[in-house]
Amino acid sequence: MKKIFSKKYFVTLTSSFAVGTGIILACAGDWGPEYGDSSFTPEAFVNDAYQPFFYSDMFYYGIGHDRQHNTRFNESNIKDWANYLGNGTSRTELEFLLVNAPAETIDSLAAYQAGRLKTLPLSVRSFSLFRKNDKKTADFLRYLALAKKSEAFAVNNLEYSWDYESKKKPVNINTAQLNKELLQEFTQTKDAFLKQRYWFQLERSYFFNGPAQSALDLFEKNEASFEKNEMYYRTMAYAAGACYKLKNFPKGSYYYSKVYDGCDALKTVAHWSFGPKEENEWKATLALCANNDEKATLWQMLGTFYTDEKRAIQEIYNLNPHSEKLNLLLTRAVNKQEQKFSTWDKDYTSKSLQFKKDTSTSELLALVTRIAQAGNTHQPYMWHIAAGYLNMLNGNFQQAATAYTAAGKKLPKEELVQYQLRLLKLVNTVASTPKADSKLENKVLADLNWLQKLKTPDGTFRYNTAFQWIKSTLADRYIKQKEFLKAVCFNNYLSFYTNDGNIEAMKSFLNKANKTPYETLCASFYPLTTNDLNEYQAIRLTYDDQLDEAIAKMETVPASAPLPGNPFNGRLQDCHDCDHEAPQKIKYTKLDLLKKMKEMEEKIKTNSEVYSNAMLVANAFYNLTHYGNARAFYENNIVGSSHYSPFAIDSVFRDFLIDMKLATKYYTLALNAAKTAEQKAKCHYMLAKCERNQWYNQTLYNNPKYQYGDHARLPDFLPWNGFKALKQQYANTQFYKEAIRECGYLSTYAQQ
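Using my numbering, read the sequence shown as starting at -9 and increasing by one per residue.
Do not rely on the hints blindly, as some may be mistaken.
Unchecked claim - Keeping only pairs whose Cα atoms sit at most 30 Å apart, straight-line, the calculated BS3-like set for lysine-lysine is:
| # | residue 1 | residue 2 |
| --- | --- | --- |
| 1 | Lys399 | Lys415 |
| 2 | Lys727 | Lys665 |
| 3 | Lys126 | Lys180 |
| 4 | Lys472 | Lys415 |
| 5 | Lys470 | Lys433 |
| 6 | Lys595 | Lys502 |
| 7 | Lys347 | Lys326 |
| 8 | Lys235 | Lys185 |
| 9 | Lys429 | Lys445 |
| 10 | Lys502 | Lys445 |
| 11 | Lys211 | Lys237 |
| 12 | Lys122 | Lys69 |
| 13 | Lys472 | Lys433 |
| 14 | Lys502 | Lys433 |
| 15 | Lys170 | Lys185 |
| 16 | Lys425 | Lys330 |
| 17 | Lys415 | Lys300 |
| 18 | Lys443 | Lys461 |
Stated by the list, open to error - Label-pair restraints from in silico Cβ distances:
| # | residue 1 | residue 2 | range |
| --- | --- | --- | --- |
| 19 | Thr61 | Tyr696 | 51 to 57 Å |
| 20 | Asp181 | Ser118 | 18 to 24 Å |
| 21 | Asn489 | Thr450 | 39 to 45 Å |
| 22 | Gln458 | Lys429 | 20 to 26 Å |
No wet-lab data here; the hints were simulated from the structure. From the three backbone atoms N, C-alpha and C, an ideal C-beta is built for every residue, glycine too.
All chains, please: the whole structure from these sequences, using the hints.
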């Protein structure tokens, strides 16, 4: 067995009222669920107490690492003392005394109770507990005074190290005197509740401050006298740590396994501390077991600690096929294996299920199938479901169906288990049926409706990966069958919107009065509305300069928010943030902008103020591209929004959203109508900007060979036609002088 630990021992640091045990650190996962791509839900089959040991890319499932060390037993400790002190004891008072009060306050209370102090400390003077003045209250305070002293060595180290010795802090108490007092109270006390707690306190103090052998002897000489409750296992955890100090690793591991099995609150602590380093140690540990159930616990811990679930499953099954300890190991094994059956999509944006032969899963599949067919486990249906799932992932759809049928015959009425089988059967049905015809649609209709409406608390049912695969798979089949409306309902692919006939067909479909049940399902999957489609059509028509049609479409949708900048501005330098911050006398919605542009275009057609109107329309078309200040115009639920660069715009829409042809058209009209040199200079400059943008479009954004991140910049001297005209014909204009100051590229060119 591989050697793992470099520390001399791992300790369990357990306070009687505020402290947990051991420090457990691990790296947390990110980028999706910590269990990866999973459709097999361990919560359906495994006791909640084992949840930290579910398969995860973090150290412990759901928590990353155990940080409950100072709070683990607060509630149970308060409850135990409330029961001991009797009805009417204030929980708030107990919480203060047990958890928050400093040792000095407790010492003062003990002194007051013993008659050595005449007045109570101010912080507790109103406490009803001290009006009782009975023996139990006095015993409680005497115990608490000694327990608080232990915090100096038992609590302060917890936030710093797994290994007590490596970070041991100076202790400003007389530990020899403390041990003497604890031993005296333990020996003299007749009350079973107090005696067990003094036993725990003395065990802990011996562990930290005395010979480890004393801690082990104290536990073993007295453990038979006490009830096997939470306090018993907390004490046993220190005895296990003492064994590690004494290098008696087999006994330490054995004790940790008993703690793990007997106390849910200490499962993660015992699991972390546990870990035989050599095979001979492991055999010696097994030899200490009193029965097969204890051996099964050890094998379960070993299987989860060293992630060798298959070996542990086989060993536990040989010991006791009905052992519940098999359940956790099976879910871990399946959750690990299913990661091999997911793949990135072509755009590397998400992962999806895939079904393939994988020989690395054959050993587990054979083991699970054999156990499932034997039918003698605690949860036979679980093994059939797991066998079906592994077969399905390997493309053995008929074998999977057989296993799922067997599982259904023995399935309990527990909701999560029912959900799990139903989901996997649905996946198997879709995976094994190559064509999405009416027969398949009728077969899966009820299940798809169920998944569509499914809401599970805190995400415990793992159905998202499978559901997404089902929808994308059906969409792919519908595309091949040229049933594009159904395809886009299941997977909203953007190339659908390049065809206006598709959009009109979708609007008719959404407005259809008497849909079939399956059509109703499709419509429920579709993420867009008729308004979204009309708005997109209006946007698309705008970039074709079909403003009448665009206005007609835009008038059918709710009014948009005003655009953040004036779309008729024409800057020397592109700065949409500057335009957004500038005051606007008139604010334009999308519809307002279209109507104003239409009004200006009508004036151009009638030769009315052609230069100014053409210039304003050109500015608007420029600003409607990604280069301008009115990107908000094209942002909607189809095109998307907040595009940080043209690369962020889907290629389906990118071409028309960065194209300069309409801006160039109207700047050219303005140039032809210009009367003065200043007007002509401005037109040439704006045309040069359009040329520059088109260069970027061709070189970068519309270049299929260009990869985002490649180095690409304007050549040092690229003589745009507009710059040539400015330099050669309009160098004496005021506009040219302003442009030279604002545009570094023009300035560089002008100096050549």
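Hint numbers not upheld by this structure, sorted from lowest to highest: Violated hint (a single one): 6; every other hint is consistent with the structure.
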